[in-house]
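**Student:** The listed protein sequences correspond, in order, to chains A and B. Each residue of the first sequence is one higher than the last, beginning at 1 in my numbering. Each residue of the second sequence is one higher than the last, beginning at 1001 in my numbering.
These aren't lab readings, by the way, just hints derived from the structure by calculation. Hints are supplied without guarantee of correctness; some may be wrong.
Said to hold, decoys possible - Covered stretches of chain B, going by a simulated chain A footprint (3 or more residues, C-beta under 8 Å):
| hint | segment |
| --- | --- |
| 1 | 1031–1044 |
| 2 | 1065–1071 |
To be verified - Straight-line C-alpha distance at most 20 Å; calculated SDA-like pairs for lysine to any residue:
| hint | chain 1 | residue 1 | chain 2 | residue 2 |
| --- | --- | --- | --- | --- |
| 3 | B | K1034 | A | V156 |
| 4 | B | K1028 | B | L1044 |
| 5 | A | K158 | B | K1028 |
| 6 | A | K158 | B | R1039 |
| 7 | A | K64 | A | R96 |
| 8 | A | K64 | B | K1028 |
| 9 | A | K64 | A | V86 |
| 10 | B | K1028 | A | L153 |
| 11 | A | K158 | A | R113 |
| 12 | B | K1034 | A | R22 |
| 13 | A | K64 | A | F52 |
| 14 | A | K158 | B | K1034 |
| 15 | A | K158 | A | A134 |
| 16 | A | K158 | B | Y1064 |
| 17 | A | K64 | A | R113 |
| 18 | A | K64 | B | Q1043 |
| 19 | B | K1034 | A | P142 |
| 20 | A | K158 | B | L1044 |
| 21 | A | K158 | A | R96 |
| 22 | A | K64 | B | T1045 |
| 23 | A | K64 | B | L1059 |
| 24 | B | K1034 | A | I117 |
| 25 | A | K64 | A | R2 |
| 26 | B | K1034 | A | D144 |
| 27 | B | K1034 | A | V74 |
| 28 | A | K64 | A | P118 |
| 29 | A | K64 | A | V74 |
For glycine and all other residues, C-beta sits at the position ideal for the given N, C-alpha and C.
This is what each chain is made of:
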Amino acid sequence: MRARQAGESALLLLDAVDLLERAGISYAVVGAMAAAVHGVVRASMDADAVIFLPAHRAAELDRKCRAAGFMSEVRHGDPDDPIGAVLSLSDEFGNRVDLLLGLRGLGADAYARAAVIPFQDGELRVVGREDFIAMKLFAHGPQDLIDAEHALLAMVLKRWRRWSACWRDRISRGGSDYTDRAATAVGVAVNIKRYL
Amino acid sequence: MPILRFSNVAGQVPFAHDGTLESGMDSKLARQQKEAVFRAVRQLTSEQRLNAFLTHCRLVTGLYQAGAVRRGTTRRQGS
Chain A
1 MRARQAGESA
11 LLLLDAVDLL
21 ERAGISYAVV
31 GAMAAAVHGV
41 VRASMDADAV
51 IFLPAHRAAE
61 LDRKCRAAGF
71 MSEVRHGDPD
81 DPIGAVLSLS
91 DEFGNRVDLL
101 LGLRGLGADA
111 YARAAVIPFQ
121 DGELRVVGRE
131 DFIAMKLFAH
141 GPQDLIDAEH
151 ALLAMVLKRW
161 RRWSACWRDR
171 ISRGGSDYTD
181 RAATAVGVAV
191 NIKRYL
Chain B
1001 MPILRFSNVA
1011 GQVPFAHDGT
1021 LESGMDSKLA
1031 RQQKEAVFRA
1041 VRQLTSEQRL
1051 NAFLTHCRLV
1061 TGLYQAGAVR
1071 RGTTRRQGS
């Protein structure tokens, strides 16, 4: 186990990922860690990942996690819950990892779109930006909407910079205020979620 | 064109009755600070952002634990 103190749920997730990969289970990191990659860095007491395993196999994975030395607990969602089951892993320091099974609307193709990012002595598959935004808009809590906004803003700014490098001269030649136009375009994009 | 605002300086998200974010508690200064942080974070690579996340969590947890110890001390002194 990598974690040596509280506040290291991200390291506990690396341990969990080792186990998932040995078991041949696909996963994608979501939650605050994905927000750090796609939006802004904010603290969280836990680390989350979706795993592409049917909810009815949660108990089987629970046994593997216990055998590997994790403290583990399975909770199943109600029939109308968009999350089939949650496998919560924890350690002696209170670090916590939530593995979400059977997440409605998120297909295994999200795994293929996940970004592989080096982290500490390993690497993590982090859910793709578009999937992250869609999940956050679907969850629709206050923090989810802020995360979606930041990720959307980052995406728009990145594409805007690329696009504007080609068009800056043409827009300026027309005598328009370039900055105002940029702000308007970003404003339009950020407000897209109101209409989804 | 209304543009969604970042959360206010206390990190709270003010909501209007229709569920949209409102700007009644908005501070221009706080917003500029948050936007500066946002721009700075965008300069980091994904790997650097994950490491920043880990460091941030360690620090915040340490702060929380210090606060919990302090609250416990105060409570014991008060009883």
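**Student:** Hint by hint, say whether it matches the structure.
**Tutor:** Now for the hints, and whether the structure bears them out:
no., hint, in the structure
1, 1031–1044, "holds (count 4)"
2, 1065–1071, "violated (count 1)"
3, K1034(B) / V156(A), "holds, 18 Å"
4, K1028(B) / L1044(B), "violated, 25 Å"
5, K158(A) / K1028(B), "violated, 24 Å"
6, K158(A) / R1039(B), "holds, 11 Å"
7, K64(A) / R96(A), "holds, 17 Å"
8, K64(A) / K1028(B), "violated, 52 Å"
9, K64(A) / V86(A), "holds, 15 Å"
10, K1028(B) / L153(A), "holds, 18 Å"
11, K158(A) / R113(A), "holds, 18 Å"
12, K1034(B) / R22(A), "violated, 41 Å"
13, K64(A) / F52(A), "holds, 16 Å"
14, K158(A) / K1034(B), "holds, 18 Å"
15, K158(A) / A134(A), "holds, 18 Å"
16, K158(A) / Y1064(B), "violated, 35 Å"
17, K64(A) / R113(A), "violated, 27 Å"
18, K64(A) / Q1043(B), "violated, 40 Å"
19, K1034(B) / P142(A), "holds, 17 Å"
20, K158(A) / L1044(B), "holds, 13 Å"
21, K158(A) / R96(A), "violated, 33 Å"
22, K64(A) / T1045(B), "violated, 34 Å"
23, K64(A) / L1059(B), "violated, 32 Å"
24, K1034(B) / I117(A), "violated, 26 Å"
25, K64(A) / R2(A), "holds, 18 Å"
26, K1034(B) / D144(A), "holds, 17 Å"
27, K1034(B) / V74(A), "violated, 38 Å"
28, K64(A) / P118(A), "violated, 25 Å"
29, K64(A) / V74(A), "holds, 12 Å"
In summary, the numbered hints that this structure violates are 2, 4, 5, 8, 12, 16, 17, 18, 21, 22, 23, 24, 27, 28.
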